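Student: Okay, here's what each chain looks like letter by letter:
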Amino acid sequence: MGDSQYSFSLTTFSPSGKLVQIEHALTAVGSGQTSLGIKAANGVVIATEKKLPSILVDETSVQKIQLMTTNIGVVYSGMGPDSRVLVRKSRKQAQQYYRLYKEPIPVTQLVRETAAVMQEFTQSGGVRPFGVSLLVAGYDDNGPQLYQVDPSGSYFAWKASAMGKNVSNAKTFLEKRYTDDMELDDAVHTAILTLKEGFEGQISSKNIEIGIIGADRKFRVLTPAEIDDYLAEVE
Amino acid sequence: MSIFEYNGSALVAMVGKNCFAIASDRRLGVQLQTIATDFQRIFKIHDKLYVGLSGLATDAQTLYQRLAFRHKLYQLREERDMKPETFASLVSALLYEKRFGPYFCQPVIAGLGDDNVPFICTMDCLGAKELAKDFVVSGTASESLYGACESMYKPNMEPEELFETISQALLSSVDRDCLSGWGGHVLVVTPTEVQERTLKGRMD
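Those sequence lines, one after another, are chains A and B.
Mapping to UniProt numbering: the first sequence position 70 is 70, numbers consecutive.
Mapping to UniProt numbering: the second sequence position 202 is 202, numbers consecutive.
These are computed hints drawn from the structure, not numbers from a lab.
Keep in mind it's a predicted model, so treat the numbers as computed, not measured.
Take the hints with a grain of salt, since some may be wrong.
Claimed, not checked - Listed next, the in silico EDC-like pairs over lysine to aspartate or glutamate satisfying Cα-Cα at most 16 Å (straight line):
hint, chain 1, residue 1, chain 2, residue 2
1, B, 83, A, 103
2, A, 206, A, 181
3, B, 83, A, 228
4, A, 102, B, 85
Claimed, not checked - One-sided excerpt, in silico: chain B residues whose CB lies under 10 Å from chain A:
hint, residue
5, 74
6, 79
7, 81
Even for Gly, the Cβ is constructed at its ideal location relative to N, Cα and C.
Modelling step: build the complete structure from the supplied sequences, incorporating the hints.
Tutor: Spelled out as structure tokens, the structure:
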């Protein structure tokens, strides 16, 4: 695996007890586009800004929100390519679980395995931590769930959370607006309003992406037409 | 001489009304010689899930140890017991892993699901599942057991009647098989309790 000089782990402890590479990874996440998730009483919604580098980019070809299984979806803040690697690994793990038990993987188990992968990359030789935080939204026998997974490999269950550029404003806004008995539709409205808070420019169905999962346990990304409807209701 | 007939065994599981029963013989032999008359073939995985393993005794014991290991890890990770269907899929996967050097066992799995609906199934030594709504059998006495169960079984039996039926089916079948017998071991499982009983049959 290359020169012995480079086979140590990049995440070695600093004298203050921190893993500096992970701190830097979190900074990479913090400067990524805002994304957020809200858990409602009957489902979960996740949403993200979709700011493209130029108007010439075909926005229909870009999809930031992806499925891990039919009933678990994920959105990220940070480096897109890193999130693709994680989604690929998680999809495989979910299918391996199904092959063994013929049962769809519970959300907590998939989150734990994804987090384990991210942790591996903080304690191996010749690799760097992932530059993404993930928001995983799923619905299984334990109801709707929302988890955040960080580059360090730690994961937390949230009722509502945000990541990326506008995180502190977004979280404050969510803290004020969140109620435990929110329905999925209300949650989508709240998600849009939260994104709008820190949005630079005009919000439209072309520059945000929203994914929802309800009691039907089928995660899906909303079409631009559906987003337009929600935006109209919010205006 | 088939490897499956080396130790001798008889296993049967039956579905009743909101309950199930699983029964086995107690003989452990080395071909024609009887070594033990108190051999355990039915193992508990959790309160509502039992697995019986017929065939080569050493493989039955090793396979049980592997299954208990997997289930304990599952319980720790997922903080819940395995459903019987899930467990059956796991057993099937473990057996198929050894496709070209199999465990010489035929499992019989019996359990109560989350909603207390009884579940039974059996599979061959390579993991081909066979689900049944009424009864499943396994072991050297399986042919006799099929006949006995087919004629004695009725659906929706209460635990007491189920116990009687499965015991009669087991004892009459092992009496026709020289490699199994020396008594019987019957467990009747309902959502609230488990009744374990030992049967005295022809001791030969």
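Student: Take the hints in turn and mark each one as holding or not.
Tutor: Cross-check of the supplied hints:
1. About 10 Å separates the Cα atoms of residue 83/B and residue 103/A, which keeps this hinted pair within 16 Å; it holds.
2. Among the hinted pairs, residue 206/A with residue 181/A is inconsistent with the structure: their alpha-carbon atoms are about 30 Å apart, more than 16 Å.
3. For the suggested pair residue 83/B and residue 228/A, the alpha carbons sit about 44 Å apart, so the restraint of at most 16 Å is broken.
4. Straight-line distance between C-alpha atoms of residue 102/A and residue 85/B comes to about 8 Å, which keeps the hinted pair within the 16 Å bound.
5. Annotation: residue 74/B was flagged as interfacial toward chain A, and the flag holds, the nearest CB pair being 9 Å apart, inside 10 Å.
6. With its C-beta approaching chain A no nearer than about 9 Å, residue 79/B sits inside the 10 Å limit, and its interface hint holds.
7. Checking residue 81/B against chain A by beta carbon gives a least distance of about 13 Å; that is not within 10 Å, so the hint is violated.
Hints 2, 3, 7 from the list above are not met by this structure, while the remaining hints are.
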